[in-house]
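Engineer: Given next are the chains, with one letter for each unit.
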Amino acid sequence: MQSLLGISRLIDALNERVGRLIYWLILAAVLVSAGNALVRYSLNTSSNAWLEIQWYLFSAVFLFGAGYTLLHNQHVRIDIISGRMSKRSQTWIEILGTVFFLLPMAIAILWLSWPVFLDAYRLNEVSTNAGGLIVWPARLMVPAGFLLLVLQGFSELIKRIAFLRGLIPDPSEKHEGPSIEEELAAELRRQRGEPA
Amino acid sequence: MTELLIHNMAPMMFGALVVFLLIGYPVAFALAANGIFFGLIGIQLGLLEPSLFQALPQRIWGVMSNDTLLAVPFFTFMGLILERSGMAEDLLDTIGQLFGPLRGGLALAVIFVGALLAATTGVVAASVISMGLISLPIMLRYGYDRRFASGVIAASGTLAQIIPPSLVLIVMADQLGRSVGDMYQGAFIPGLTLAGLYAVFAVGVALFKPSWAPALPADARTLKEPDGSGGTPSLVVLVIVATTASIAFAKYYYAPDAPTDVVLVVSTSVGVGVAFTASVINHFAKLALLSRLAVRVTFVLIPPLALIFLVLGTIFLGVATPTEGGAMGATGALAMALARRRLSIRLLKQAMDATAKLTAFVVFILIGARVFSLTFYGVDGHIWVEGLLTNLPGGQLGFLIVTNILIFVLAFFLDFFELAFIVIPLLGPVAEKLGIDLIWFGVLLGVNMQTSFMHPPFGFALFYLRSVAPGRDYLDKLTGKLTPRVTTGQIYWGAVPFVVIQVLMVALIIVFPNLVTGGLAKKQAIDTNNIRIEVPAEELEPAGEPGRRGADQPGTEQQNSEQEEAAKALERAMRGDAKPALDRKK
Chain A
1 MQSLLGISRL IDALNERVGR LIYWLILAAV LVSAGNALVR YSLNTSSNAW LEIQWYLFSA
61 VFLFGAGYTL LHNQHVRIDI ISGRMSKRSQ TWIEILGTVF FLLPMAIAIL WLSWPVFLDA
121 YRLNEVSTNA GGLIVWPARL MVPAGFLLLV LQGFSELIKR IAFLRGLIPD PSEKHEGPSI
181 EEELAAELRR QRGEPA
Chain B
1 MTELLIHNMA PMMFGALVVF LLIGYPVAFA LAANGIFFGL IGIQLGLLEP SLFQALPQRI
61 WGVMSNDTLL AVPFFTFMGL ILERSGMAED LLDTIGQLFG PLRGGLALAV IFVGALLAAT
121 TGVVAASVIS MGLISLPIML RYGYDRRFAS GVIAASGTLA QIIPPSLVLI VMADQLGRSV
181 GDMYQGAFIP GLTLAGLYAV FAVGVALFKP SWAPALPADA RTLKEPDGSG GTPSLVVLVI
241 VATTASIAFA KYYYAPDAPT DVVLVVSTSV GVGVAFTASV INHFAKLALL SRLAVRVTFV
301 LIPPLALIFL VLGTIFLGVA TPTEGGAMGA TGALAMALAR RRLSIRLLKQ AMDATAKLTA
361 FVVFILIGAR VFSLTFYGVD GHIWVEGLLT NLPGGQLGFL IVTNILIFVL AFFLDFFELA
421 FIVIPLLGPV AEKLGIDLIW FGVLLGVNMQ TSFMHPPFGF ALFYLRSVAP GRDYLDKLTG
481 KLTPRVTTGQ IYWGAVPFVV IQVLMVALII VFPNLVTGGL AKKQAIDTNN IRIEVPAEEL
541 EPAGEPGRRG ADQPGTEQQN SEQEEAAKAL ERAMRGDAKP ALDRKK
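Going down the list, the protein sequences come from chains A and B. Under the numbering used here, the first residue of the first sequence carries the number 1, and numbering increases by one thereafter. Under the numbering used here, the first residue of the second sequence carries the number 1, and numbering increases by one thereafter.
Only chain A is shown next, with the shape it has when bound in the complex:
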């Protein structure tokens, strides 16, 4: 179990690293997209490659960010029922959900999307828009992103089982630091000279 926990820590670190890297792509996408609009309006030209970069960046954010989001337990759920259950029951839901929901769907998509990438790569497929980008990097993002998600799924599974065995504290209660809303509230309170 300890070695499994080691693997889990490794996966967590990987997805954390990836997450912190890809969120910069948001800024890049913002600037590229604003630039596209300005250039089109002022110079009256535009480039399909730059239009496509926008959504390449967008896709990279959500595909590579899926595992990171899972790591931080930010995928929304409907917890009106599970919210009232005991910690143990909630952990069982996580385990069963990971095994029967997350892993099958993620592995299926990973499996199915790999050959699509291979074909795009072999044929050196290019976007059909004039001056568009080569397609295979975007095709590769799908299996790569889902691989990260699958890995994170295994890591979560290991952590929940370890929790049930009493080896680690509840992984769903890890300290996330103040949320962006809490920070806003804290800053407003500071400005008003009130205790936080």
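One thing to keep in mind: the hints can contain errors.
[Said to hold, decoys possible] Per the computed footprint, the stretches of chain B lying under chain A, defined by three or more beta-carbons under 8 Å from a beta-carbon of chain A, are:
#, region
1, 26–35
2, 81–93
3, 177–187
4, 221–232
5, 272–278
6, 428–437
[What the hints assert, rightly or not] Far from chain B, some chain A residues (derived; all Cβ distances over 12 Å):
#, residue
7, I7
8, L10
9, A13
10, G35
11, L71
12, R77
13, I161
14, L167
15, P169
16, P171
17, E181
[Stated by the list, open to error] Beta-carbon label-pair distances, calculated as ranges:
#, chain 1, residue 1, chain 2, residue 2, range
18, B, G395, A, L43, 26 to 36 Å
19, A, R122, B, G15, 42 to 52 Å
20, B, R292, A, R189, 19 to 29 Å
21, B, K209, A, G35, 51 to 61 Å
22, B, A218, A, N73, 28 to 38 Å
23, A, G177, B, V409, 54 to 64 Å
24, A, R190, B, L397, 46 to 56 Å
25, A, G83, B, T232, 32 to 42 Å
26, B, L5, A, G83, 30 to 40 Å
27, B, R472, A, G177, 19 to 29 Å
28, B, I6, A, N73, 34 to 44 Å
29, B, F413, A, N73, 40 to 50 Å
Worth flagging that the hints you see were computed from the coordinates, not collected in a lab. Remember, predicted model here, so these are calculated numbers, not experimental data. For each residue, glycine too, the CB sits at the ideal point set by N, CA and C.
Start from chain A and add chain B according to the hints.
Structural biologist: Same frame as chain A, but now just chain B:
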């Protein structure tokens, strides 16, 4: 047994979906797993082609190359940067001081600022938190009714969800297969009307229950002239001048049939520009013609109005796509935060981090929904739903009433992303079949979904207000009086009249469809949504125009693998997949 299974696949799948979702595992994965699970059963039963799942990569590709959804991270990011730029605080302080001395004035100020923030980008949480920390203590200090005060704050915060540019409308447009620009134009007047109804309610309270919304004493205003006067007359003059300028501009510049929203946005900008110029001249020439209040009001209104023009103005004028409008707004918000020295690397990282997580979970719900629908449409689920909904008594009206009640009830449990991705695709095609305009339908449901932010006990707006409203009795800093805490019950009860107003708004839109379509009918919106230089026919998207391909595109055809062709053919065959939204969009 098998026979029974085959005939009832769709209802069973739907029932299982409800169970899967209620288990409490992330919605995105439960949805997808449901699709795959029933897909496998369907293949076993011979109901579905074994190659069904070959279409999955193509579906994900469709989500990736979807320009519309790109607006979601842009507007989110813009909102997160903007909420820390200090703009909301300035507005609340100044407008609060301006209206405060009137009975019910603070409530009106909150509604006005809420609408203004909503039109810049609007993040419900941020608006509610700012108002809850800035306006609520003042309201409590001067004896506002606690229920009314918290209700007006929560409701004004949720305006962000219906006044464009809002995320709800983007997702709605995407799911209904309409352009975001049209959806924005359609929602503009209803959004403002809703804010107006809140204001009417506040005025009503001020008139009939004066003790609920007292006027602030004159000394509560800190923005004064050196001689102690309030400086209101000069502001009134400035407002009259500016308003005249905008009306004159609207009259002479635009033809009478120009679309309302464009006229409104541009003429307002002209009026504000006039006021701004006057203030600047006054300042530099040391004319002392304008009071401090007048100058201050002008200056705090400039940043939000500039942003509104940058985003909505460019979208309505057809200069930018909604996606690009979001990007420009985000750039503008960054510039503003930078200029006010509020932008730190830490804040930037935090905003990007929150945006990335939101993007991932939203898009994954959509991916889950697409996997689900692949099977669900395959087993003719859409026909089942259609049968259920078209056979309602009362035709169109019956359908509208039932769907609205459905959304209203579901909004207690589901947030709007879930509603939009799971429920809307089922309702859209039926609405279209019944001859309902989908823009109108989308705006209607958008207004309705607002209630999901206000429903006790799960409403987000109430939740955020609870987190910042005083939870313990406290000593007021200014008066030194012990002020009792705001109870959760007060927050819940305060929301009720505003939920009623929202429902009333839904009814108004049904009775007066012109509220939505009025602005649209005048011109066909310049649909810059689909800008892309097209030399050959579009082929990036799957199932775009079946039949046309190949014939005129022999060159590109070869680049496509056979497998992908199979997937596309399958999608084409399943065009019952009557959800044009994603695949058909360019």
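Engineer: Each of the hints needs a verdict: does it hold here or not?
Structural biologist: Going through the hints against the structure:
Restraint check on the region 26–35 of chain B versus chain A: 8 residues with Cβ-Cβ distances below 8 Å, three needed, restraint holds. Figure legend: the region 81–93 of chain B, annotated as covered by chain A; annotation consistent (3 residues with Cβ-Cβ distances under 8 Å, at least 3 required). For the region 177–187 of chain B, the assignment as covered by chain A is violated, since 0 residues bring a beta-carbon within under 8 Å of that chain's beta-carbons and 3 are needed. For the region 221–232 of chain B, the stated coverage by chain A is not satisfied: 0 residues place a CB nearer than 8 Å to a CB of that chain, which falls below the threshold of 3.
Given a C-beta distance limit of less than 8 Å, the hint that chain A covers the region 272–278 of chain B is violated, as 0 residues qualify and 3 are needed. Counting residues of the region 428–437 of chain B whose CB lies closer than 8 Å to any CB of chain A gives 0, which falls below the minimum of 3, so the coverage claim is violated. Consistency note on A/I7: stated as away from chain B, and its beta-carbon is indeed over 12 Å from all of that chain's, at 21 Å minimum. No beta-carbon of chain B is positioned within 12 Å of the beta-carbon of A/L10; the least distance is around 21 Å.
Against the 12 Å criterion, A/A13 stays outside the reach of chain B, whose nearest CB is about 16 Å from its own CB. The claim that A/G35 lies off the interface is violated: its Cβ sits roughly 8 Å from the closest Cβ of chain B, which falls inside the 12 Å cut-off. Taking the minimum C-beta to C-beta distance to chain B, about 10 Å, the non-interface status of A/L71 is violated against the 12 Å cut. A/R77, annotated as away from the interface, has a beta carbon of chain B within 12 Å; the closest lies near 5 Å.
Remark: the non-interface label on A/I161 is consistent with the geometry, its nearest Cβ contact in chain B lying 16 Å away (cut-off 12 Å). Chain B leaves A/L167 outside its interface by the beta-carbon criterion, the shortest separation being 23 Å against a cut-off of 12 Å. No Cβ of chain B approaches the Cβ of A/P169 within 12 Å, the least distance being about 21 Å, so the stated non-interface status holds. Distance to chain B confirms A/P171 as a non-interface residue, since its nearest Cβ pair spans about 15 Å, more than 12 Å.
A cut-off of 12 Å between C-beta atoms contradicts the statement that A/E181 is not in contact with chain B; the least separation is 5 Å. Taken as a hint, the range 26 to 36 Å is violated for the pair B/G395 and A/L43, whose Cβ atoms sit roughly 52 Å apart. Between A/R122 and B/G15 the Cβ separation comes to about 44 Å, which falls inside the hinted range of 42 to 52 Å. As the Cβ distance of B/R292 to A/R189 is approximately 27 Å, the hint placing it in 19 to 29 Å holds.
At about 53 Å, the beta-carbon gap between B/K209 and A/G35 stays in the expected band of 51 to 61 Å. One distance hint, 28 to 38 Å for the beta-carbon pair B/A218 and A/N73, is violated here, with the actual separation near 51 Å. Distance hint check for A/G177 and B/V409: the Cβ-Cβ separation is about 36 Å, which falls outside the suggested range of 54 to 64 Å. Taking the beta carbon of each, A/R190 and B/L397 are about 53 Å apart, inside 46 to 56 Å as hinted.
Against the hinted window of 32 to 42 Å, the Cβ-Cβ separation of A/G83 and B/T232 comes to about 51 Å, which falls outside the hint. Between B/L5 and A/G83 the CB atoms are about 34 Å apart, so this pair conforms to the stated range of 30 to 40 Å. For the pair B/R472 and A/G177, the supplied restraint of 19 to 29 Å holds, since their beta-carbon distance comes to about 25 Å. The supplied range of 34 to 44 Å is met by B/I6 and A/N73, whose beta-carbon atoms lie about 39 Å from each other.
About 20 Å separates the C-beta atoms of B/F413 and A/N73, a value inconsistent with the hinted range of 40 to 50 Å.
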